[in-house]
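Each protein sequence line maps, in turn, to chains A and B.
For the first sequence, this note's numbering begins at 1 and goes up steadily by one.
For the second sequence, this note's numbering begins at 1001 and goes up steadily by one.
Read the hints as simulated data drawn from the structure, not as lab findings.
Please note that the accuracy of each hint is not assured.
Derived DSS-like pairs (lysine-lysine); straight-line CA-CA distance at most 25 Å [as the list claims (entries may be wrong)]: (1) A:Lys-193 - B:Lys-1163; (2) B:Lys-1163 - B:Lys-1107; (3) B:Lys-1072 - A:Lys-193; (4) A:Lys-192 - A:Lys-154; (5) B:Lys-1072 - A:Lys-192; (6) B:Lys-1046 - A:Lys-46; (7) A:Lys-111 - A:Lys-192; (8) A:Lys-158 - A:Lys-72; (9) B:Lys-1046 - A:Lys-193; (10) A:Lys-72 - B:Lys-1192; (11) B:Lys-1163 - B:Lys-1046; (12) B:Lys-1192 - A:Lys-192.
Short derived list, chain B residues pointing at chain A, Cβ under 8 Å [claimed, not checked]: (13) Trp-1036; (14) Phe-1045; (15) Thr-1048; (16) Ala-1054; (17) Pro-1057; (18) Leu-1058; (19) Gly-1138; (20) Glu-1166; (21) Cys-1170; (22) Gly-1184; (23) Arg-1187.
Computed Cβ-Cβ distance ranges for the label pairs, DEER-style [what the hints assert, rightly or not]: (24) B:Phe-1084 - A:Asp-102: 46 to 52 Å; (25) A:Leu-145 - B:Asp-1055: 29 to 35 Å; (26) A:Ala-25 - B:Lys-1158: 27 to 33 Å; (27) B:Asp-1075 - A:Ala-51: 34 to 40 Å; (28) A:Pro-146 - B:Asp-1075: 31 to 37 Å; (29) A:Val-79 - B:Ala-1147: 51 to 57 Å; (30) B:Gln-1068 - A:Lys-163: 36 to 42 Å; (31) A:Arg-33 - B:Gln-1068: 25 to 31 Å; (32) B:Pro-1141 - A:Lys-72: 47 to 53 Å.
Bear in mind the structure is a predicted one, so any value in this text is a computation, not a measurement.
No residue lacks a Cβ here, since even glycine has one placed at the ideal position from N, Cα and C.
2 protein chains.
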Amino acid sequence: MTDTLEFYFDFTSPYGYFASLRADALAEDAGRRAVWRPFMLGAVFKETGNAPLADQPLKGDYCRHDWQRMAKMMDAPWVLPEPFPIAALAASRAFYWLDDWDSGIAKDFAKAAFHAYFGEGRDIREADVLAAVAEPLGIDPDQMLPAISEPAAKQRLKDETDKALERGVCGSPFFIVDGEGFWGSDRLWMVKKWMAGNRRW
Amino acid sequence: MTDTLEFYFDFTSPYGYFASLRADALAEDAGRRAVWRPFMLGAVFKETGNAPLADQPLKGDYCRHDWQRMAKMMDAPWVLPEPFPIAALAASRAFYWLDDWDSGIAKDFAKAAFHAYFGEGRDIREADVLAAVAEPLGIDPDQMLPAISEPAAKQRLKDETDKALERGVCGSPFFIVDGEGFWGSDRLWMVKKWMAGNRRW
Chain A
1 MTDTLEFYFD FTSPYGYFAS LRADALAEDA GRRAVWRPFM LGAVFKETGN
51 APLADQPLKG DYCRHDWQRM AKMMDAPWVL PEPFPIAALA ASRAFYWLDD
101 WDSGIAKDFA KAAFHAYFGE GRDIREADVL AAVAEPLGID PDQMLPAISE
151 PAAKQRLKDE TDKALERGVC GSPFFIVDGE GFWGSDRLWM VKKWMAGNRR
201 W
Chain B
1001 MTDTLEFYFD FTSPYGYFAS LRADALAEDA GRRAVWRPFM LGAVFKETGN
1051 APLADQPLKG DYCRHDWQRM AKMMDAPWVL PEPFPIAALA ASRAFYWLDD
1101 WDSGIAKDFA KAAFHAYFGE GRDIREADVL AAVAEPLGID PDQMLPAISE
1151 PAAKQRLKDE TDKALERGVC GSPFFIVDGE GFWGSDRLWM VKKWMAGNRR
1201 W
């Protein structure tokens, strides 16, 4: 696994969305492959005692403003979806169901789901929205939707989330390079330095 | 006030310490003057519902590691002080007492206090430590120490903290440029861009 950049995120995380727009290029520039890993941020919050940023007085207002200026700066499509935040379980389960089949299609699905939620404000918990996200990628919703409500799909996401917690994932986005963890979309420069081998630290 | 970069911090904040090593140069490079403003981070936590990073499961471990690698990367002196975190009221009150007299000396004191705490692990709540920090700067501890236990000095820090909260300061460090706020030592690049006038956002 030394040739990878592991990218942990939750589909309801704006900073996860911003990082998702950079993750693949970041890895490729370093001759690595980005491995995408959605997890349940709520499980991390339970562990750390944190609440969603948007729900925190002061920080909520700061972040709503910050997301907007960050999107403008990155030329990234942006709306603050309603409802927000959400428990993006279905999208995450769909990701792993696809990932077992083809990690490239799983990534394309993740990008399309992020875009649907934060680029267009569509509620990606809804079956018809997930179907609309999946279809243009050649994914059959009539296969995907029943599959992701199976106990196996639910367990898979739980297992991946447990693994993330064990590995020290403490927020979204979170990157792991050769065992070294980096939290936050503001740390892409540090991930880059680490991958380049500039490690006096 | 358009020629300033306001730098809000708490003396017990490691990321505030790291930012303090850059704040003046960042402002000067943009033809501005950094205005330092310590505040009580505890009052912000009360508002946002946050706990100190070090006390949070998962995030505490992450941050302890991150502070160390950040210090190595910046070639900054670093020890995790014991006790940590602290209520750095005395140092903050001393800062404002000095600031009313000479903002340059107040900054020198702040830098020395940060260094004593995070560079050498000395407990800057202690009167003898504060005296040892102040004396080499030509500050008379026999004047300073009684002054900062006066009700006026306590009220001043409370007022500055209230003002910070009103202005949306939601963590340490926090920068304000012409009314625009930036939270975190990871956002110096954004502060720089804003000051340079690259504001498509």
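Now for the hints, and whether the structure bears them out:
1. Distance restraint check for Lys-193 of chain A and Lys-1163 of chain B: the Cα-Cα separation of roughly 38 Å exceeds the 25 Å cut-off, and the hinted pair is therefore not satisfied.
2. Pair hint Lys-1163 of chain B plus Lys-1107 of chain B holds up; C-alpha atoms about 20 Å apart against a cutoff of 25 Å.
3. Under the criterion of a C-alpha separation no larger than 25 Å, the hint pairing Lys-1072 of chain B with Lys-193 of chain A is consistent with the structure, at around 13 Å.
4. Taking the CA atoms of Lys-192 of chain A and Lys-154 of chain A, the gap is about 33 Å. The hint is violated against a cut of 25 Å.
5. Restraint check: the Cα-Cα separation between Lys-1072 of chain B and Lys-192 of chain A comes to about 17 Å, which is no more than 25 Å; the hinted pair holds.
6. Only pairs whose Cα atoms come within 25 Å are accepted, and Lys-1046 of chain B paired with Lys-46 of chain A is accepted, the gap being roughly 19 Å.
7. As the CA atoms of Lys-111 of chain A and Lys-192 of chain A are separated by approximately 21 Å, the hinted pair is consistent with the 25 Å bound.
8. Between the alpha carbons of Lys-158 of chain A and Lys-72 of chain A the distance comes to roughly 35 Å, so the proposed pair goes past 25 Å and is violated.
9. A threshold of 25 Å between alpha carbons decides the hint, and for Lys-1046 of chain B with Lys-193 of chain A the separation of about 36 Å lies outside it, so the pair is violated.
10. With a C-alpha separation of about 17 Å, the suggested pair Lys-72 of chain A and Lys-1192 of chain B falls inside the 25 Å cut-off, and the hint holds.
11. Between Lys-1163 of chain B and Lys-1046 of chain B the CA atoms are separated by roughly 15 Å; this keeps the pair inside 25 Å, and the hint holds.
12. Taken as a hint, the Lys-1192 of chain B and Lys-192 of chain A pair is honoured in the structure, with Cα atoms around 21 Å apart against an allowance of 25 Å.
13. The interface hint given for Trp-1036 of chain B is broken, as the beta carbon of that residue sits about 20 Å from the closest beta carbon of chain A, more than 8 Å.
14. Restraint check, Phe-1045 of chain B versus chain A: the minimum CB separation of about 10 Å is more than 8 Å; hint violated.
15. Below 8 Å, beta-carbon pairs count as interface contacts, and Thr-1048 of chain B has one with chain A at about 5 Å; its hint therefore holds.
16. Here the hint on Ala-1054 of chain B is broken, as its CB sits about 12 Å from the closest CB of chain A, past 8 Å.
17. At about 5 Å, the closest approach between the beta carbon of Pro-1057 of chain B and any beta carbon in chain A falls short of 8 Å, and the interface hint on this residue holds.
18. Interface restraint check: Leu-1058 of chain B against chain A, minimum CB-CB distance 4 Å, threshold 8 Å, status holds.
19. Violation of the interface hint for Gly-1138 of chain B is found here, the shortest Cβ-Cβ separation to chain A being roughly 36 Å, above the 8 Å cut-off.
20. At about 10 Å, the closest approach between the beta carbon of Glu-1166 of chain B and any beta carbon in chain A exceeds 8 Å, and the interface hint on this residue is violated.
21. Proximity of Cys-1170 of chain B to chain A holds as hinted, the smallest CB-CB distance being about 4 Å (cut-off 8 Å).
22. Look at Gly-1184 of chain B: its Cβ gets to within about 7 Å of chain A, closer than 8 Å, so that hint holds up.
23. Given hint, Arg-1187 of chain B at the interface with chain A, holds; its Cβ is 7 Å from that chain's nearest Cβ, closer than 8 Å.
24. Take Phe-1084 of chain B and Asp-102 of chain A: their Cβ atoms lie about 48 Å apart, and the range 46 to 52 Å holds.
25. The supplied range of 29 to 35 Å is broken by Leu-145 of chain A and Asp-1055 of chain B, whose beta-carbon atoms lie about 42 Å from each other.
26. Against the hinted window of 27 to 33 Å, the Cβ-Cβ separation of Ala-25 of chain A and Lys-1158 of chain B comes to about 48 Å, which falls outside the hint.
27. About 36 Å separates the C-beta atoms of Asp-1075 of chain B and Ala-51 of chain A, a value consistent with the hinted range of 34 to 40 Å.
28. Range check, Pro-146 of chain A to Asp-1075 of chain B: Cβ separation about 57 Å, and the 31 to 37 Å hint is violated.
29. Val-79 of chain A and Ala-1147 of chain B have their C-beta atoms about 53 Å apart, which keeps the hinted 51 to 57 Å range intact.
30. Here the CB-CB span from Gln-1068 of chain B to Lys-163 of chain A is close to 25 Å, at odds with the stated 36 to 42 Å.
31. Hint check: Arg-33 of chain A to Gln-1068 of chain B, Cβ distance near 29 Å, so the stated range 25 to 31 Å holds.
32. For Pro-1141 of chain B and Lys-72 of chain A, the hinted distance range of 47 to 53 Å is satisfied, since their beta carbons lie about 50 Å from each other.
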